[in-house]
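Q: Chain by chain, the residues:
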Amino acid sequence: MNSGSESDKFSLADFFLAETDDPLVPPPDFLKWRRDVAWAISLYEPSLGSAAEAICQLGSRPVINMASYGYLALMRHPKIIQAAKDALDQFGTGSCGSPILSGRTTLHDQLESGLRLLTGKQGVLTYNSGFAGALGTVAGLLRKGDCAILDERSHTSLVDGVRVSGARLAFFQHNDPQSLDSILTRESGKRRLVIVEGIYSMDGDMANLPALLEVAESHRVGMLVDEAHSILCCGPGGGGVVEHFGAGQRVGIQYGTFSKGFSSCGGFAAAAPEIVDYLRFYSNPYGFSCALPPATVAGLSAALEVMREEPWRRERLWENGDYFRQQLQRLGLDTGDSDSYVVPIVIGDDRAMLYELGHALRDRGLFVSPVDYPSVPLEKLRFRASVTAGHSRESLDQALGIIADVIVPAMRRRGLLKGVQV
Amino acid sequence: MTREAIQAVINKHIMEISEEIQEAQIDPSRSMKDLGLNSLDIVEIVSCSMRELKVKIPRSELSKLTNLDALVDILHQTVAQKEQAPAS
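Protein chains in written order, with this note's numbering: chain B, 1 to 422; chain F, 423 to 510.
Hints should not be assumed to be uniformly reliable.
Said to hold, decoys possible - Below, in silico cross-link-like pairs of lysine-lysine (PhoX-like), each with a Cα-Cα straight-line distance of 25 Å or less: (1) B:K144 / F:K434; (2) F:K476 / B:K9; (3) F:K478 / F:K434.
To be verified - Calculated Cβ distances over 12 Å to all of chain B for the following chain F residues: (4) E426; (5) N460; (6) S461; (7) Q499.
Hints are computed from structural coordinates only; laboratory data are not their basis.
Even glycine gets a Cβ: it sits at the ideal position worked out from N, Cα and C.
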């Protein structure tokens with residue numbers, strides 16, 4: 001990104017509505033913008049030459065990886081890999097069709113049993129994509145005339161699910177029970193569903209679940225909690241934020257993904273068996289898409305077993321997250337509302353600086369993702385650092401050293417550093 | 423193009439996005455959020471209005487606006503500048 005150029009003023013928010021007559025012709029102004037900001041965008045979608053572990057290979061060199069969602073560092077666990085290999089040998093490469101028409105394997109049944117134990121909910125439905133599963137769960141429950149009331153920082157998959165369903169989409173202010181109360185009152189008379197996340201992906205803060213549940217219950221409205229970033233990582237047994245707050249009986253439906261804590265791919269919904277049975281036929285990403293591959297499913301069941309045997313991974317994850325966040329704060333950096341292992345480093349509204357620093361960090365051997373508008377507010381551009389159980393204290397200190405060398409002086413020069421707490 | 427014509431374009435797209443909103447409810451001194459529209463509705467209304475008016479203003483500049491009057495003003499200025507510019 002060239003500071004001060006016309007293209008710097010534009011972002012991905014500006015090209016949603018194409019101005020061409022033919023949908024197969026991309027907007028020329030988008031193509032020009034894409035060329036102009038190629039240097040900045042080259043930070044995205046890098047090719048890894050190794051597993052997405054705490055230290056990984058990026059291009060030809062090792063880097064400290066703080067961009068992976070593999071929070072519990074299970075991606076190369078020998079027990080999980082062996083389970084997946086055995087399933088590959090026995091069941092082959094794929095499920096070869098929609099579960100309803102083409103069936104699934106006994107491995108899928110075992111995984112669902114494990115997920116019932118994890119969540120305490122007796123109905124479970126698995127999806128081959130975390131995004132499609134969230135979209136499909138929401139779209140399977142809501143209809144035109146209904147109203148979904150989402151925390152304003154909810155993930156796109158949940159928002160898209162509401163849009164596909166045709167229900168009215170309303171947002172309440174992030175984690176604010178009064179705002180939720182006011183929207184629920186405004187939308188009274190409709191079938192309503194409150195949707196929140198366990199841990200918010202761009203901010204790393206936990207849902208204010210007790211207060212929000214109290215409000216939803218006072219309106220007799222049910223709640224869906226998306227535990228994408230919290231399932232297996234949060235709660236004494238890994239049952240997510242819902243377990244952390246002891247709210248299992250009060251939350252109607254939990255959604256979780258396999259791409260983060262489980263270090264795999266896919267997602268699942270957990271609820272009462274009657275709701276899940278309804279979703280089986282009305283959640284199209286389930287009924288009209290291939291079941292998860294058997295090898296993936298076997299690996300997921302093994303991951304559940306590993307986490308029962310190795311709870312230290314969850315403890316280390318939280319210890320690492322607390323350490324990294326506190327050290328960033330000691331450097332005077334703004335970690336937003338984070339209280340978890342997802343730690344934003346908020347740098348303000350200088351987009352040119354975001355990409356200059358992003359390249360400098362990458363050059364120094366730290367793989368951490370820049371997050372630009374419109375994914376986050378214009379005045380709160382950031383780097384989003386994921387801490388994992390796989391990071392050693394030494395690797396976290398190295399990462400902090402690089403951040404102290406690269407981000408801190410740039411922020412100080414611009415007068416953006418908070419008061420340093422010694 | 424007059425300021426009133428630009429307001430009419432925006433109003434039309436507001437009512438297309440939300441069947442529940444009537445023209446009489448649209449108060450230019452207030453924001454679209456005050457009408458109960460969500461952020462995605464607002465992106466769509468502004469994008470459709472800009473496409474119809476054949477102008478493009480960076481979303482980063484529009485995000486600072488606080489009410490409908492301010493949106494009409496910036497669109498009116500941009501349309502006027504475009505009308506005055508020599509044809510390329």
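Q: If I take the minimum Cβ distance from N460 of chain F to any residue of chain B, is it greater than 12 Å?
A: violated, 5 Å
Q: Test the statement that E426 of chain F is away from the interface with chain B: the closest C-beta pair must be farther apart than 12 Å.
A: holds, 24 Å
Q: Taking the shortest Cβ-to-Cβ distance between S461 of chain F and chain B, state whether it exceeds 12 Å.
A: Violated, since 7 Å does not exceed 12 Å.
Q: Regarding the assertion that Q499 of chain F does not contact chain B, is the least Cβ-Cβ distance greater than 12 Å?
A: holds, 16 Å
Q: With the threshold set at 25 Å, check whether the alpha-carbon distance from K476 of chain F to K9 of chain B stays at or below it.
A: holds, 18 Å
Q: Between K478 of chain F and K434 of chain F, does the CA-CA distance stay at or below 25 Å?
A: holds, 19 Å
Q: For the pair supplied as a hint, K144 of chain B and K434 of chain F, confirm whether the alpha-carbon distance does not exceed 25 Å.
A: Distance ~22 Å between K144 of chain B and K434 of chain F Cα, so the pair holds.
Hints 5 and 6 from the earlier list are contradicted by this structure; the remaining hints agree with it.
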